[in-house]
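Enquirer: Dock chain B against chain A, hints included.
2 protein chains.
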Amino acid sequence: MSEVIATYVLSGKSGTFEKKAEGIALGLTVGSWTDLPQLEQEQLRKYKGRVVEINELESDTAEIRIAYPSGNYSNDIPAILTTVFGKLSLDGRVKLTDIEFSDDLKKAYPGPRFGIGGIREKVNVFDRPLLMSIFKGVIGRDLDYLQSQLRAQALGGVDLVKDDEILFDNELTPFEERIKAGTNILREVFEETGARTLYAVNLSGRTATLREKARRARELGADALLFNVFTYGLDVLQELREDEEISLPIMAHPSFSGASAASPQYGVSYSLWLGKFLRMTGADLSLFPSPYGSVALDKKQVLAIRDELVKPDEFNETFPVPSAGIHPGLVPQLIADFGHECVINAGGGVHGHPDGAAGGGKAFRQAIEAVLDGTTLVEAAFANKELDEALKLWGEGAAVSVKK
Amino acid sequence: MSEVIATYVLSGKSGTFEKKAEGIALGLTVGSWTDLPQLEQEQLRKYKGRVVEINELESDTAEIRIAYPSGNYSNDIPAILTTVFGKLSLDGRVKLTDIEFSDDLKKAYPGPRFGIGGIREKVNVFDRPLLMSIFKGVIGRDLDYLQSQLRAQALGGVDLVKDDEILFDNELTPFEERIKAGTNILREVFEETGARTLYAVNLSGRTATLREKARRARELGADALLFNVFTYGLDVLQELREDEEISLPIMAHPSFSGASAASPQYGVSYSLWLGKFLRMTGADLSLFPSPYGSVALDKKQVLAIRDELVKPDEFNETFPVPSAGIHPGLVPQLIADFGHECVINAGGGVHGHPDGAAGGGKAFRQAIEAVLDGTTLVEAAFANKELDEALKLWGEGAAVSVKK
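Listed in order, the protein sequences are those of chains A and B.
Sequential numbering from 1 applies to the first sequence in our numbering.
Sequential numbering from 1 applies to the second sequence in our numbering.
For the record, the hints were derived by calculation from the structure and aren't laboratory data.
Certain hints may be false.
Copies of one chain are not kept apart here, so a pair can be met inside one copy or by any two copies together.
Unchecked claim - The calculated lysine to aspartate or glutamate pairs, modelled on EDC-like cross-linking and capped at a C-alpha distance of 20 Å, are:
hint, residue 1, residue 2
1, K46, D164
2, K300, E40
3, K136, E22
4, K136, D35
5, K19, D104
6, K46, D169
7, K48, D164
8, K106, D169
9, K300, E63
10, K46, E171
11, K136, D91
Computed from a prediction, not measured in an experiment: that's the story for all the values here.
The shape of chain A in the complex, shown without the other chains (with noise of 0.2 Å):
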């Protein structure tokens, strides 16, 4: 059948919830049913929701699941929020945590155009988790502090540098400038470590902005984009990943999801918002609070959202970036939680090293390779002086939280 099925989790009185799972199925379809003369319902059937499944949860929650036919909406994400949550979600205690779309209408959206697979091929690394670092204290900062800081962080070893995302045009770093001077210092550091650093700039601005940026962002040698896609619409990081002249990588950060997704009751899940959604629309990248920092999600949110990122599906698999107080003796917890296909992020984990961002950067790497050896980061520590540093700082599992 060709529709979407949403999940909802909403509160109400043990007893109620089919009353009211129905009311939702033909309220936000065909209106009304049982007073309908047979004719109509006839010609309306096609069009009516369906309660899929009703589970009470506790005695004041249940989860319910109701399909929405295709013939309702156009086949965007806009449509479809429309449908399934629009009145919904100013109605009271009622979370919207999955949807479920038909196969025929999963495949008008793109996926990520590079993935898991691309984003490896383009800094030529197959066997080992990547590592990303972030600027960290750019505002106000001209183009040598940034080039200086971006230096530092390549010859660490990271694979991926990226803006910090509050980072916008601005006089003395504009988008342009930054791509000249990013590329420029990567291919630098190229030449003479052989390692390949992308850096994702900022893409931001007015909306209708965006495309032309983003294709002058390409012909400028950019790596990749940074992208705050929920302060724009998902719809728009579709467009951005569907236009042909623009194709980078495009990594979406997690900004202002929680405005929609933090709340325990209202709104919608992380793992639609930063996992499937993501996925579906195209992000090349997702970056997520990990479960260990001090801007904590608890961890099987976390895992939810990895899960929707890189489960088997049609579409490239979304890199998982697991971000927000991470340093290098987290390693070994964040590739026993998300194996070796992610991204693993730090930002005062890497600046905050007693040797700089190019020894935050290497203690990291020292921490992946001594992970996938099979040795303990105490042991691999005695050979690895930057590993050393990070341990005596900041130790070893999440017990020390790092300044974000």
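Expert: Positioned in the frame of chain A, the structure of chain B alone reads:
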């Protein structure tokens, strides 16, 4: 000073809010401060976030206000949301309740093109609240069905009719055909009655197609656009407003806004979302749940939305449209709460009338007239058959709820 000041309500322990606020003000701007050399402090001072105010509300909640200098972001909604609530939205229980723009920043936003005054001119009604009704049960129906509903509503004396927000482009009633059919019917009714009814057609589809589609709507003689702005983005609304070739009234639907605004502890406030931002970015009408119906916001929230829409400001006023659960018996209450400068909007309260939508519209108009004349509804019902029937069915006040 050129800045935005964000107001947050957040959870925490009494006595810790000062430190927390300082952490936000720095973390979302220059990163660190006290450990910077004097010279760098001088250079960065104009970018540094500033704690404006901390009010402890209860033992574990505080309202804090933080100023973000304009050098930190481009002056657009996505950049400002990312700055003031990007990372923070993911960081525990925190609600963004307001953003104040300094006058110079505010000037970049268009406000409504028509506003209350412009809409009143279009319908040629200046001395009473306007009346709006909504198509009902139109999914799966053909153009004839829509036309006869539209005709009945217009004959009832409603000033505006809006598409159901869940009606998208579809085979039976495509966008352009709806505009043509609607325009014809309303011209006919105007010739019969002399009353002008506006029809707001639902502008939907992929983001990049909206402007072209809206321009085409204007060419075809459309009266107004309905727009599910929160499934796209506020910046997209602003772009539609700014486009001189569109130049049609925009009716913002609150669809999906609850995902970000419904939680008392997370996300954004309704007054910011459905009030201030819709007005700034250019909605001529803002729909929101009334405090009387079954989709109930509390009255304080609703009046806060209204205040943002009509308070003295450099922008045109946006028409407040309290919706959901409205029947003629509520008109005295509505006018008491919202004054004359509102649009009374009903679905079931128009269509569910014993004499159909035409009777429902008349009953509302009779109720409005009674209130303006200082007559009670019960008195007015003696001379007004439709109002009499409505009161028999739904009563007076909010006691009986109307099926949506």
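Enquirer: Could you work out which of the previously given hints the structure breaks and list their numbers from low to high?
Expert: Hints 2 and 5 are the ones this structure does not satisfy, whereas the remaining hints hold.
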